[in-house]
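Visitor: Fit the two chains together into the complex; they arrive one by one in their own frames, and the hints show the way.
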Amino acid sequence: MEKECNEGRNARWREELRNALPAKERTAIPRVQMPTLSPEIRVTCNDEVNQGLTPAQAVLEATRCLDCPAPGCVEGCPVGIAIPDFIKNIQRGDNREAARILKMSSALPAVCGRVCPQEKQCESKCIYHKMKKEPVAIGYLERFAADAEIAAGGVSIPDAHKNGIRVAVAGSGPAGLSFAGEMARRGFDVDVFEALHEVGGVLKYGIPEFRLPNNVVDAELDSLRKSGVKFHTDTVIGRTLSYDDLLNAGFKGIFVASGAGLPRFMNIPGENYIGVLSSNEYLTRINLMGAGSPGHDTPAPLGKRIAVIGGGNTAMDSARTARRMGAEKVMIIYRRGESEMPARVEEVHHAKEEGVEFITLASPVEYVADEHGRVRAVRVQRMELGEPDASGRRSPVPVPGAVDEIEIDLAIVSVGVSPNPLIPSSIDGLDVSNRGTIVVDEDMMSSIPVVFAGGDIVRGGATVILAMGDGRRAAASMAEKLLQDATC
Amino acid sequence: MYRIKEKSRFSENVIKLVVEAPEVARARKPGHFVIVRCGEGGERIPLTIADADVKAGTITLVVQAVGVSTRKICALEAGDSFTDLVGPLGRATAIGKRDGKVVCCGGGVGVAPLLPIIKAMKEAGNYVVSVLAARNKDLIILEDEVRRYSDELIIMTDDGSAGRKGLVTAGVEEVIKEGDVAEVVAIGPAIMMKFVSLLTKKYEVPTICSLNTIMVDGTGMCGACRVNVGGKMRFVCVDGPEFDAHKVDFDEMIMRMRAYDPVK
Numbered sequence: 001m002e003k004e005c006n007e008g009r010n011a012r013w014r015e016e017l018r019n020a021l022p023a024k025e026r027t028a029i030p031r032v033q034m035p036t037l038s039p040e041i042r043v044t045c046n047d048e049v050n051q052g053l054t055p056a057q058a059v060l061e062a063t064r065c066l067d068c069p070a071p072g073c074v075e076g077c078p079v080g081i082a083i084p085d086f087i088k089n090i091q092r093g094d095n096r097e098a099a100r101i102l103k104m105s106s107a108l109p110a111v112c113g114r115v116c117p118q119e120k121q122c123e124s125k126c127i128y129h130k131m132k133k134e135p136v137a138i139g140y141l142e143r144f145a146a147d148a149e150i151a152a153g154g155v156s157i158p159d160a161h162k163n164g165i166r167v168a169v170a171g172s173g174p175a176g177l178s179f180a181g182e183m184a185r186r187g188f189d190v191d192v193f194e195a196l197h198e199v200g201g202v203l204k205y206g207i208p209e210f211r212l213p214n215n216v217v218d219a220e221l222d223s224l225r226k227s228g229v230k231f232h233t234d235t236v237i238g239r240t241l242s243y244d245d246l247l248n249a250g251f252k253g254i255f256v257a258s259g260a261g262l263p264r265f266m267n268i269p270g271e272n273y274i275g276v277l278s279s280n281e282y283l284t285r286i287n288l289m290g291a292g293s294p295g296h297d298t299p300a301p302l303g304k305r306i307a308v309i310g311g312g313n314t315a316m317d318s319a320r321t322a323r324r325m326g327a328e329k330v331m332i333i334y335r336r337g338e339s340e341m342p343a344r345v346e347e348v349h350h351a352k353e354e355g356v357e358f359i360t361l362a363s364p365v366e367y368v369a370d371e372h373g374r375v376r377a378v379r380v381q382r383m384e385l386g387e388p389d390a391s392g393r394r395s396p397v398p399v400p401g402a403v404d405e406i407e408i409d410l411a412i413v414s415v416g417v418s419p420n421p422l423i424p425s426s427i428d429g430l431d432v433s434n435r436g437t438i439v440v441d442e443d444m445m446s447s448i449p450v451v452f453a454g455g456d457i458v459r460g461g462a463t464v465i466l467a468m469g470d471g472r473r474a475a476a477s478m479a480e481k482l483l484q485d486a487t488c
Numbered sequence: 001m002y003r004i005k006e007k008s009r010f011s012e013n014v015i016k017l018v019v020e021a022p023e024v025a026r027a028r029k030p031g032h033f034v035i036v037r038c039g040e041g042g043e044r045i046p047l048t049i050a051d052a053d054v055k056a057g058t059i060t061l062v063v064q065a066v067g068v069s070t071r072k073i074c075a076l077e078a079g080d081s082f083t084d085l086v087g088p089l090g091r092a093t094a095i096g097k098r099d100g101k102v103v104c105c106g107g108g109v110g111v112a113p114l115l116p117i118i119k120a121m122k123e124a125g126n127y128v129v130s131v132l133a134a135r136n137k138d139l140i141i142l143e144d145e146v147r148r149y150s151d152e153l154i155i156m157t158d159d160g161s162a163g164r165k166g167l168v169t170a171g172v173e174e175v176i177k178e179g180d181v182a183e184v185v186a187i188g189p190a191i192m193m194k195f196v197s198l199l200t201k202k203y204e205v206p207t208i209c210s211l212n213t214i215m216v217d218g219t220g221m222c223g224a225c226r227v228n229v230g231g232k233m234r235f236v237c238v239d240g241p242e243f244d245a246h247k248v249d250f251d252e253m254i255m256r257m258r259a260y261d262p263v264k
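If you read the protein sequences in the order shown, they are chains A and B. Under this note's numbering, the first sequence has 213 at position 213, and the numbering climbs by one with no breaks. Under this note's numbering, the second sequence has 40 at position 40, and the numbering climbs by one with no breaks.
Pulled out of the complex, with its shape left as it was, chain B reads as follows (with noise of 0.2 Å):
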């Protein structure tokens, strides 16, 4: 079970797997993501799932190598298989015809879950123009298949090295300002889904974010991803990933994430 089909590298440190999981393959939807585990002492680590082929019955997940268990992660090849995994988690994405065009922007690795809620957007009959950001041109992912979803495809990158140079807010804002645009879908770094909400907020443009805090079941049971959303608590796993990014105090969620780096 759970057995990885086909391994492919984005860069250095980001990986693509296609991993057997029939049943999650067929139940999941935009927005979900699953929980896995590698080897008997394996923390459970949450990732949002990228794509799904209901015939092949597998789903696609990609991963930055960042920590202990990422590194681990990254570390498997074809025909290795995660000690378990379980899924589709989470609430599914809120997709429908819009009265307006949907900007899709995405952060780093933040773009592999965006992919499936640009699809659906656009299959939904909107609009879609897609805002991707990296630091450089090398860290840019899923290219090709953003583009042939999206209407329009803005690429931003810290250096200039790919698209135009600057910050995701820049694409967002120009966007926002030619008119017409309904809602903001923003999933990447913490930092970056904050000033995106920042920006829409100025602008008075509803915006969804998909929160990747610490978890430890997923499952709604332990509560280290509960996070503050319009002053009351939500809990990431069962009432999330996704809240209207507005509402979500990200200071603190920021800071919640690091409750387990080393103290200094």
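Next comes chain A alone, as it looks inside the complex (with noise of 0.2 Å):
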């Protein structure tokens, strides 16, 4: 791998493409302004906060790469995208073969694109920092790479010679997209099991039409569907179909990313009041099941004044959407300072420019309903930095005596999730940790050898990215695996 990354670094024309401009003339071009719509308009409406990048932005920001010998990028980059040889590809007007390097290491470059917390992961080593300088977007590249493709309807199915082994996927989010379509590579037949109605996993519930519109979404489950992956939609795996009728129906490996599940809850007083909802809840509500829109049957919790609870990503989601469904104030409410929020600084810009407040350094502690049981307001306990805890973080203490009651008449409580209980309590012989997550090794195999697992349902709660490389360690050990049993 190291050897092609080389050579591809050395061909002729990235050469040139070097020698074209001085280093320092393209480290003298600003970082590109990812164009969006106006804060006015998009909280009137769903459309993508993020327009993408003009060819000619791609180009200049693609020139800004110096392409370096030893890419701190593609360390900082969890599934090792090699992203100079995309981007300089991009620069010399080559998107085609930009997005099949993309799609070497990762099965849903639109979507990481797009949702990938990119300042902490490859833009984090990027040598511009040494400059002092704001580093490459290689997210936005990323992201224009893979649209240019589907938009050129041309998708880039990998050719597979079938082998005929059959494999089952238990969940239809990114680790299962990303195993799918890997060991669609491969040559396996995949069917992927979805116990919701819909494919897509927390593409299609959790993360919001306008931070990831579900065309692109289908999309990329249209090109897996057209290397022959098969989807079944209201199927629960362990409940609909038994691990036994996955073995006697000829699979021969099963790959369990059913993912995050159950919603946390803080455990204080009032939390079971009506109008204090999961943020699980209430995104699934709107973005699955079309709540509040004309149509759609589903009850769409409404508020005027919203207390989102959480500092991560589902948090911003949960306050953006308030927004858009008409609430006039929308508060984050986050135990420790901004700085320490773990929601990707875009989302944050984001959500402020659309007119969420931040309330920091505050910690709800109660409830209080009015006499149908109906939340009215939540009391929070004024926080103030302490020492750092295990995180690194510098962990909220309470100051004594302050705490505020904020009149709220929904609240969101977004604080994470445990993993889906459904299949690890359903499979015999399963090892299980005790916070209900699958235990795998390194090669993602879990305690029965033809079950591996990978996403959230191993990890607890953790990024799309680390789900599809899960997904894709996975569906390599899988593969070898499966295909030294076939020659035995």
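Worth flagging that the hints you see were computed from the coordinates, not collected in a lab. Note that the structure is a prediction, hence the values are computed from the model and not measured. Using N, Cα and C, we set each Cβ at its ideal position, and we do this for glycine too. Among these hints, one or two may not hold up.
To be verified - Some chain B residues well away from chain A (every beta-carbon gap over 10 Å; in silico):
#1 Ser-11
#2 Val-14
#3 Asp-53
#4 Glu-145
#5 Glu-152
#6 Ala-170
#7 Glu-174
#8 Ile-191
#9 Val-205
#10 His-246
#11 Phe-250
Said to hold, decoys possible - According to the in silico footprint, chain A covers these stretches of chain B (three or more CB under 8 Å from chain A):
#12 20-27
#13 41-50
#14 83-95
#15 211-223
#16 229-243
Guide: As structure tokens, this is what we get:
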């Protein structure tokens, strides 16, 4: 792999690109600004906020990349995308090749270009930081190349010689899709089973349209279908079809990617009042069920003054959705400071532009309801930052006596999730941790040799890209094992 | 898929559907439920499975029209199909030989999910006393089927138009007083389960109830169905739907079931 990359970098056209413009001039180019819908317009609709780079913007941004001999960005990428290789192809105008390079490491580049926390991964390792300049906009470029390929219509389907071996996937979120793509590419017959009525997992029920449009997800699903992956909705592995049913149906390997499940709550008084709900419920009602839009029967939780508890991406998604659902005042309530927030910087920025208020260093201690049990206020304990905790972030400590009551009519609790309990509880002999995650080895193999697992069901609650990385790794090791078994 | 093979009507607002769902029919056990969706913009509605025929590949659902979605379901005819149907969900009833009588009491359409439990409890060798309750004679459902699998059957109606006049609790209390009751299973409206639970708590008779809270996905994701059981937060869709009735906070549950009622 290393050698191939070096050869790539040593290609004549790459050298010419590097020599075409002195590094000094390239580094003088300012980082591209993503064209966005104006905040006033976007809170009135669900259209995607980031409009994507124009070809000219993309080429100029790609020119900024210095094509480092030992690129830090690749190390920063959880799936090791050959970043300079794809960027330089954008620079020379070969978007198709750029997309092909992305697909070698990532099954869903159009998704990752939109939802990865690049500032903590690839872009955090960019050489530009050493020059005290803004890093190359790798995420924007990834999205550009992937979108260009989708727009061109000819999504590259890797050729595969069918080997006739059947594998099953439980869950059609990022981990499951990435695994499915990798196995199809290797010639396996892949069947993906989804519990919900729609394929895509968190990409559909969780991440809102304005951040990740469904047609982007659908395009990725289409390319998987074209490569032979079969999808089955309304099927819960462990319930509708048991582990034995799958074995009897001829599946030789099973990849469990059932994702995050039960929402966490804070165990504070009043949390079961009407109007206090999980971000999972809020986003599922609106994104998956279409609550609040014409022709959809699922009721929407509406409020004028909404508190969103938490500082992650899901909290930002909920807050920004609430603005679009007509809430007048939306407050993020987070117990640490803003710089400790786990959300992507861009989401925080967009949320603020859209009028979401940030109440940091505050933690709910109780909800207060009216006589019908409907929440009418949240009492928050003010915090200050103390010593760094195990995560390296300064941990919040309560300020004695500083408790305020904030009037609200809806609270969306977004403080994390626990793994989905359905599959771990329904396969005998499956080793499950006391946190409810499936225990796997470094090859993503569980305690049952034909069962592999990845994504949030293994990690507890992580990112799309890490889930996809798990899917890839599981596919590589399961494929090797099954092909070995087949030749024995 | 999920085609309706037969439709029949118990009363104006209560219907029975026999639906093609071979995988669910094969996998389901007493206590399980399914989630159905009717139409592309349809809600996900949880319904407890009343019966199944593995050979025919069908399950039986009993539906009462109470809201937008249940009215849509009740308007379906034989030959129509559900847009989606998924299951079996939830944990199955713990069936087994009890050390004494098993009292199965059902209110309204709660009798439908109770029937497979009555059957299974009988087959497990128990002496089963069933107590069916409804507002009036017309709302008593599945009487013959329940009678077939019960050693005794008591019918209670609010107006005395069938069986005896009175609430379900009167029937249950009478059986308990006769003695030797090992367990009560109560399925019906939340308010009915609450009062059965209060009664059996007094007599210290272990009691199981099956909760019908609001759900969205039904697979352990949204948390809408959370209930307070013995001071702990539990999720009806994956931890239930059956719980120790004496530990359920029915008042909170009843309050939460009104979450999407129009604000007055």
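Visitor: Each hint: holds or not?
Guide: Now the hints, each set against the structure:
No beta-carbon of chain A is positioned within 10 Å of the beta-carbon of Ser-11 of chain B; the least distance is around 24 Å. With a least CB separation of 20 Å from chain A, Val-14 of chain B remains clear of the 10 Å interface cut-off, as annotated. Consistency note on Asp-53 of chain B: stated as away from chain A, and its beta-carbon is indeed over 10 Å from all of that chain's, at 17 Å minimum. At the 10 Å boundary, the C-beta of Glu-145 of chain B stays outside the reach of chain A, the nearest C-beta of that chain being 26 Å off.
With a closest Cβ-Cβ approach of about 35 Å to chain A, Glu-152 of chain B is found to remain outside the 10 Å limit, as its non-interface label requires. With 10 Å as the threshold on Cβ separation, the claim that Ala-170 of chain B sits away from chain A holds: the shortest Cβ distance comes to roughly 30 Å. At the 10 Å boundary, the C-beta of Glu-174 of chain B stays outside the reach of chain A, the nearest C-beta of that chain being 35 Å off. Under the 10 Å C-beta cut-off, the non-interface status given to Ile-191 of chain B relative to chain A holds; the minimum distance is some 16 Å.
The beta carbon of Val-205 of chain B sits about 28 Å from the closest Cβ of chain A, which is more than 10 Å, so the claim that it is off the interface holds. No Cβ of chain A approaches the Cβ of His-246 of chain B within 10 Å, the least distance being about 19 Å, so the stated non-interface status holds. Listed as a non-interface residue, Phe-250 of chain B keeps its Cβ farther than 10 Å from every Cβ of chain A; the least gap is roughly 13 Å. Given as covered by chain A, the stretch 20-27 of chain B passes the check, having 3 residues with a CB less than 8 Å from a CB of that chain where 3 are the minimum.
Counting residues of the stretch 41-50 of chain B whose C-beta lies closer than 8 Å to any C-beta of chain A gives 4; at least three are required, and the coverage claim holds. Only when three residues or more bring their CB closer than 8 Å to a CB of chain A does the claim for the stretch 83-95 of chain B stand; here the count is 7, and the claim holds. Coverage of the stretch 211-223 of chain B by chain A holds [criterion: at least 3 residues with CB-CB distance below 8 Å; count 7]. Only residues whose C-beta sits within less than 8 Å of a C-beta in chain A count toward coverage, and the stretch 229-243 of chain B has 3 of them, enough to reach three; the restraint holds.
Against the hints set out earlier in the document, no violation occurs for any number.
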